[in-house]
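Now for the letters of each chain:
2 protein chains.
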Amino acid sequence: MAQKPSIPKGTRDFTPSEVVKRNYIFDIVKKHFQTFGFQPIETPSFENSDTLMGKYGDEGDRLIFKILNSGDFLRKVDDNLYNSKDSNKITSSISEKALRYDLTVPFARYVVMHQNELDFPFKRYQIQPVWRADRPQKGRFREFYQCDADVVGSDSLLQEVELIQLYDTVFTDLKLDGVTIKLNNRKILAGIAEVIGAKDVLIDFTVALDKLDKIGEEGVKKEMLSKGISEHAIAKASPLFNLSGSNADQLERLEELLKDSEEGSKGISELRFIMETITSLGLQSAKLVIDVTLARGLNYYTGAIFEVAAPEGVSMGSIGGGGRYDDLTGIFGLKDVSGVGISFGLDRIYLVLEELELFPEAIDRSLDVLFLNFGPKEGLAALKLTTVLRKQGIKADLYPSDAKLNKQFKYANNRNVPYVVLLGEEELGNSSFIVKNMKSGEQQTYGLEETQKFIDSL
Amino acid sequence: MAQKPSIPKGTRDFTPSEVVKRNYIFDIVKKHFQTFGFQPIETPSFENSDTLMGKYGDEGDRLIFKILNSGDFLRKVDDNLYNSKDSNKITSSISEKALRYDLTVPFARYVVMHQNELDFPFKRYQIQPVWRADRPQKGRFREFYQCDADVVGSDSLLQEVELIQLYDTVFTDLKLDGVTIKLNNRKILAGIAEVIGAKDVLIDFTVALDKLDKIGEEGVKKEMLSKGISEHAIAKASPLFNLSGSNADQLERLEELLKDSEEGSKGISELRFIMETITSLGLQSAKLVIDVTLARGLNYYTGAIFEVAAPEGVSMGSIGGGGRYDDLTGIFGLKDVSGVGISFGLDRIYLVLEELELFPEAIDRSLDVLFLNFGPKEGLAALKLTTVLRKQGIKADLYPSDAKLNKQFKYANNRNVPYVVLLGEEELGNSSFIVKNMKSGEQQTYGLEETQKFIDSL
Chain A
1 MAQKPSIPKG TRDFTPSEVV KRNYIFDIVK KHFQTFGFQP IETPSFENSD TLMGKYGDEG
61 DRLIFKILNS GDFLRKVDDN LYNSKDSNKI TSSISEKALR YDLTVPFARY VVMHQNELDF
121 PFKRYQIQPV WRADRPQKGR FREFYQCDAD VVGSDSLLQE VELIQLYDTV FTDLKLDGVT
181 IKLNNRKILA GIAEVIGAKD VLIDFTVALD KLDKIGEEGV KKEMLSKGIS EHAIAKASPL
241 FNLSGSNADQ LERLEELLKD SEEGSKGISE LRFIMETITS LGLQSAKLVI DVTLARGLNY
301 YTGAIFEVAA PEGVSMGSIG GGGRYDDLTG IFGLKDVSGV GISFGLDRIY LVLEELELFP
361 EAIDRSLDVL FLNFGPKEGL AALKLTTVLR KQGIKADLYP SDAKLNKQFK YANNRNVPYV
421 VLLGEEELGN SSFIVKNMKS GEQQTYGLEE TQKFIDSL
Chain B
1 MAQKPSIPKG TRDFTPSEVV KRNYIFDIVK KHFQTFGFQP IETPSFENSD TLMGKYGDEG
61 DRLIFKILNS GDFLRKVDDN LYNSKDSNKI TSSISEKALR YDLTVPFARY VVMHQNELDF
121 PFKRYQIQPV WRADRPQKGR FREFYQCDAD VVGSDSLLQE VELIQLYDTV FTDLKLDGVT
181 IKLNNRKILA GIAEVIGAKD VLIDFTVALD KLDKIGEEGV KKEMLSKGIS EHAIAKASPL
241 FNLSGSNADQ LERLEELLKD SEEGSKGISE LRFIMETITS LGLQSAKLVI DVTLARGLNY
301 YTGAIFEVAA PEGVSMGSIG GGGRYDDLTG IFGLKDVSGV GISFGLDRIY LVLEELELFP
361 EAIDRSLDVL FLNFGPKEGL AALKLTTVLR KQGIKADLYP SDAKLNKQFK YANNRNVPYV
421 VLLGEEELGN SSFIVKNMKS GEQQTYGLEE TQKFIDSL
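Residue numbers (UniProt numbering), protein chains in the order written: chain A, 1 to 458; chain B, 1 to 458.
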């Protein structure tokens, strides 16, 4: 009895058309990563469990896919432990490896292991899948690609400037004009917490503030209260809930609010440098705005925080994000290596390009020319021509058997081939071939000696 | 206490230089897959266990990496089963997913699941990693890429012809001239077994015959004897151990030997068609030879069998292989779909290109131009120039801080940058910049208005 095949929930097959479109995005991203001086690395799909565990919080640990040890994996498990039947405790005895959860921790591990062969600042990019045992839902998968560019070993703010340029360059090249790059700085958030006297609950404060778009001012205030942030502190912070005006205006008001906080003022000055340098350089199509509510819920950022929003009118979460972190590699024993990086959200960018119809026309055309097959002799002549076309980079194919012509034409239609070549007995006799334009229906006859003319017309 | 990081045995980090070289191979392979009309698909890294288990024999089942179920995975395990502490029996209760072992079974699963949206013949290529819990050793890894092209839904021998052309085209483009494409046919092997009266031990016969290169004629005979193949049968088969002469001569002698076997004669006629068609079309740099000892130990081939050997003088196993199989998708309930495919052995091809120094010069150059950093004002001017270069596809970078010049030059040397640009206070003042050729040491001054001239010189 044959199995009815299926794939695990949260995973996807990619059809030819999808692969081609995904590669279109990857190729553009890679091209610009490279012109910006980033170098590619790749790390193994699975790491030793102790490289990953404990790096993403309890929830993260739970979502990491563990790989069962090979062979008689239960033999080594202590009997007492085994008898507990405690999944949590037994896991580390029967599983030593785990699938990559993100690209950041493996990158930190890479930098530490390869530190003696790297030239700092080291600019790397990495485009590989990651796996999370998350509950699958619309737009959330258990296997998906991450696409990261990071610089480690330089605390220069020029890196932040370049990463903003990089976002602008990539989205401009993708024809996705009008994205908004939101910029914040962790030190500003810390300064705000300090000024309003809520320093010890900075994380709760920023996590709540981050939800302003979703749950509104009242919701945020309610959450802050529930986290033990005082009415007084919230009142002091409330001007932040509707900062508006130009970037320069906002900077000025923030500077005033944070003037008594050393850390906050440092954040303002970093933000100012980045904004002014970008203004001086100019952006191609993106808009750069200050957003003090931006916290990204990621507690390891220490300086700049980035997030990219799709053009107005497209309802989609962020399509990219990143920031500066001051101690990426400390967990693996290499101190004082500052890093800053950004990532591109491939799946969401894909959906936005689909929605706005920004993929190039006929990007997924898999065949330029199909030669019909009229029998052994004609087929051989057609195969010779096919070979000539392929050598010049034309996607060409010969129908593999001399099936009925309507079947062959149907195949050509299904594959959306623009040109079909007919080389039958008569054409073979007088060294010619007929090209049929499948859209217009027009036919044109070429002599074999005019093959190049046909190729040039494609 | 910080962890000393490591990676699981049998896995690899790929450095920038390695990634670039691997991508060079992939890109050439992909380009020709596409001109030959193949379309890319991608499948999930893990499949449901029952999709994979039982498809690769007992040894294969053992080598498949299983993924532990998430959450309290032991809760559902029956107590009696649990108390047995039998790893083998418990596995399927605590693991429902497994990492892809090859690309062929997932492809078969894909074809069956997507059969209604596919146009047959369906030509697909797939380049993705696979995982095997094999004992790691030199050149054998637990994670490695496979790179396959298959056609399903056509039994035309023109497919075999095209796949041979494809091998020739790819290896020629990789500048790897002089590879040998070995060709055999499963039906010939079956015919031989029939003629010598050893039909029931065909698999043992071909597995032994496959070892001719390694263990010699005597070794093969000994193995055949040990498998219960009679002295008489071996004596009848022994002319096969030293077939030589031209392909045409060999075909003729095989035809004579197999004239009483219907299946063998069919194999001969298939082989003849393929050889003659290829002769008529011509190959660019590869050599096509008949090799009746070629069995590839793969029992699912039913027609043509291919294997590619590196050019003479390079000691390396096969760098590619494939064949025709008549019932790929039967295991998933779709009958009568004939397929034929080839694969490229990426890791070995990489080693061969390294050994023969066939990678393009400077392929791993990650930076074309480095701008030195002389301070905030000069740096900003340099960043503007960097931006101009990048827009034209030049890999350009600005050193991120105004560190001491010898440190900046050292960085430039380490990264092997051919051109360094100096834009200091004086140059900023007179709107110029100095380009230093790092190889010759020559310096040339350009006015800012001559930037394009500089770019064009790169």
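Just so you know, not all the hints are guaranteed correct.
As the list claims (entries may be wrong) - To spell it out: a stretch of chain B is covered by chain A in this simulated footprint if at least three of its residues, at any positions, have a beta carbon under 8 Å from a beta carbon of chain A; those stretches are:
(1) 188-201
(2) 408-415
Said to hold, decoys possible - Sample of chain A residues with no beta-carbon within 10 Å of chain B, all distances over it, derived:
(3) Leu99
(4) Asp119
(5) Pro239
Derived by calculation from the structure, the hints in this document are not laboratory data.
We treat Cβ as the ideally placed atom computed from N, Cα and C, and that holds for glycine.
Hints, verified against the model:
Given a C-beta distance limit of less than 8 Å, the hint that chain A covers the stretch 188-201 of chain B is violated, as 0 residues qualify and 3 are needed. For the stretch 408-415 of chain B, the stated coverage by chain A holds: 3 residues have a C-beta nearer than 8 Å to a C-beta of that chain, and at least 3 were required. For Leu99/A, the requirement that its beta carbon stay farther than 10 Å from each beta carbon of chain B is not met, with the minimum near 8 Å. With a cut of 10 Å on Cβ distances, Asp119/A falls inside the contact zone with chain B, its closest approach being about 4 Å.
Every beta carbon of chain B lies more than 10 Å from that of Pro239/A, the smallest distance being close to 32 Å; the non-interface claim holds.
When held up to the earlier numbered hints, the structure conflicts with 1, 3, 4 and fits the remainder.
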